[in-house]
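Participant: Protein sequence lines, in the order shown, are assigned to chains B and C.
Numbering-wise, the numbering used here puts 324 at position 288 of the first sequence, and it's gapless, one number per residue.
Numbering-wise, the numbering used here puts 1082 at position 219 of the second sequence, and it's gapless, one number per residue.
Possibly wrong hints are sitting among the right ones.
[Stated by the list, open to error] Examples of chain B residues toward chain C, derived with CB under 7 angstroms:
1) 274
2) 284
3) 287
4) 338
Everything labelled a hint here was simulated from the structure, so no lab data went into it.
Every residue gets a Cβ at the ideal spot worked out from N, C-alpha and C, and that includes glycine.
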Amino acid sequence: MTSSTSTTSSTTTTVRGSESPWRSSLRQLRRNRASMAALGLLVFVAVASLLAPVYAHLVAHVNPFPANVQGTIRLGGKTVSVLQPSSVGFGVTPIGPTWNFSTYFLGADPQGRDVFARLLYGGRISLLISFSAAVICCVIAAILGMAGGYFGGAIDWVVSRVFDIVWAFPVYLLAICLSVILLTSGLNIAFVHIAPGSLLLPILIIASVYIPYVGRPVRGIVMTLREREFIQAAVGSGASDWRILRKEIWPNVAPTVMVFFPMMVAFNMLTESALSFLGVGVQPPNATWGTISNDGLQLLYTRPWVSIAPGICIVLTCAALNVLGDGARDAFDPKAKLRGGA
Amino acid sequence: MSDEVLLRATDVVKSFQVRGGKVGSKKTATAVNGVSVDILRGETLGIVGESGCGKSTLARCLVQLLPVTSGSVEFRGTTLTGLSRRQLRPFRHEMQLVFQDPYASLNPRRTVGDIVADPLRINRFGTSAQIDARVRELFVTVGLDPSYVQRYPHEFSGGQRQRIGIARSLGLNPSLVVADEPVSALDVSVQAQVLNLMADLQDELKLTYLFIAHDLGVVRHVSDRVGVMYLGQLVELADADVLYDEPLHPYTEALLSAVPQLNDGTEVERERIVLSGDVPDPAERPLGCPFHPRCAYATDECRSEDPALVEIRPRRFVACHHPLALTHNIGKDTA
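This is chain B alone, in the form it adopts within the complex (with noise of 0.2 angstroms):
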């Protein structure tokens, strides 16, 4: 049955006519209904994030970041505090969740803030992460991908042993040691200063502890490309390397980057929350869901909502992208391997 699929679909295409390939590919995307409904989902969640400050000024009526221990709400005619002594003697223990959209919906957290009004801002910082993240480790790939597999040579020779370096630590320890390092003393090298409490700090350990996977890809299709007839026209019409990898490579090394785009992305969400949440990623007051996930911790047995609600939103946001990586997989690049190394 697959066969006679795809012989349809491939007729289909030659009788509408001059379609771009970039065209085809997306018409095949938009037919694919999971990937649709997870690019659905991620919508809804990046919109979601975006109205944060919506949220927590004109709905919730709460600050989510300074500490609230004094406070307290009203809820169900009486004035409740919002940090309770626990049951047990010592310590205290927040409020749960009210499932009242316009106060505490998720309860507190040891600090007595509002938990989905800061799960809200969370997913800005996570989102932003893993997004800029992911652009900056597919350029740099691809970049540093096609320039050895295109000249070959010593320039192939540092390239690939950069790649081989990083990827030789496992991802986390590398990432963790880079953090630990960085978020200590802050990143200056030559005139680039970053500040120990930036954001841009996470956002370049992870995107360049991932650049080998997305990079050693590109070198290989721009390495059996070079050898294509289609490059040798292109050197015997006298084409400059620069206009060679501009005009014949980059075309048909694109759909592979953006394949692996939302993978990334995933990649990097996963990567970011376990910083965070181990507290060698995103630095207070900001906060992400992974040290939403953390604040919770000893609250797991009384108050599970803190940590399980910004586990809930990594896991449905990254298995969101990964159906999307597979569908763009399917219509850009069907060849293509994703998991398993490359």
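Starting from the structure of chain B, add chain C where the hints point.
Facilitator: Only chain C this time, still in chain B's reference frame:
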């Protein structure tokens, strides 16, 4: 055809480093081993030989897509070998290559109009309107509808793609077109169309062709002169009809005997000669004549000394210690 030499190759050698049997060991495979040939303005020079004999490598060396290991290539008296890519640019438009595989030679992600316009843009042919007009003109020249310029290569058949490849090569009015097995990937019916197109273009545009193929029938049909290659060496070179009627090299004889013939009595009936063994590994060339391990007439001289390509009659070159028609009766000995 004139006697003016358009391109002269002298002792062209191209060798590659290949991985040897043992880990880390390297061997040198000589794909083209000392080929000297003149291409005359306006002629079609056919080059035939088995796959792996170095035809395509020779073609790429001649148009400077591959640097030669030694030897020289002159184009209209200018030595091209040793020039940098930048220095070669002014000569690129004079010699263009048509590729064997019409699927690999067109970038699948660019429109065919872009592909044909590329050499024009690179060499600053004119304004973009002039280039557009030229592209449409080229499409008409090769028998394609100019309204196809916005389409992508996957929408065309093999024959149409090869026409696009030819259009690309003609854009800058080259004087030499090197066609590397331009029809071997095509159906027989389409082969004829493309060959006729190439013949028409030659008349119209005064082109010189170097036509590479492994199909002797095709080569005879299109060529004025034919060269036979074996293991990177030119073993025989002669006018097409002369070569086909009276092969002098035992390898040429064996190749010709493999061409299917019509039993209508118009052609000399040839005894079928089946060569034993395979083409030797170019990394381990036999001593002496490269063909001697498979040659029925080989003598001790052949096993020790590599015969040079000599002009034994006017326009008739052969590299053999015992050229056939001179020492044997054609084919009879092997019967």
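Participant: Hint numbers the structure violates, sorted upward?
Facilitator: 4
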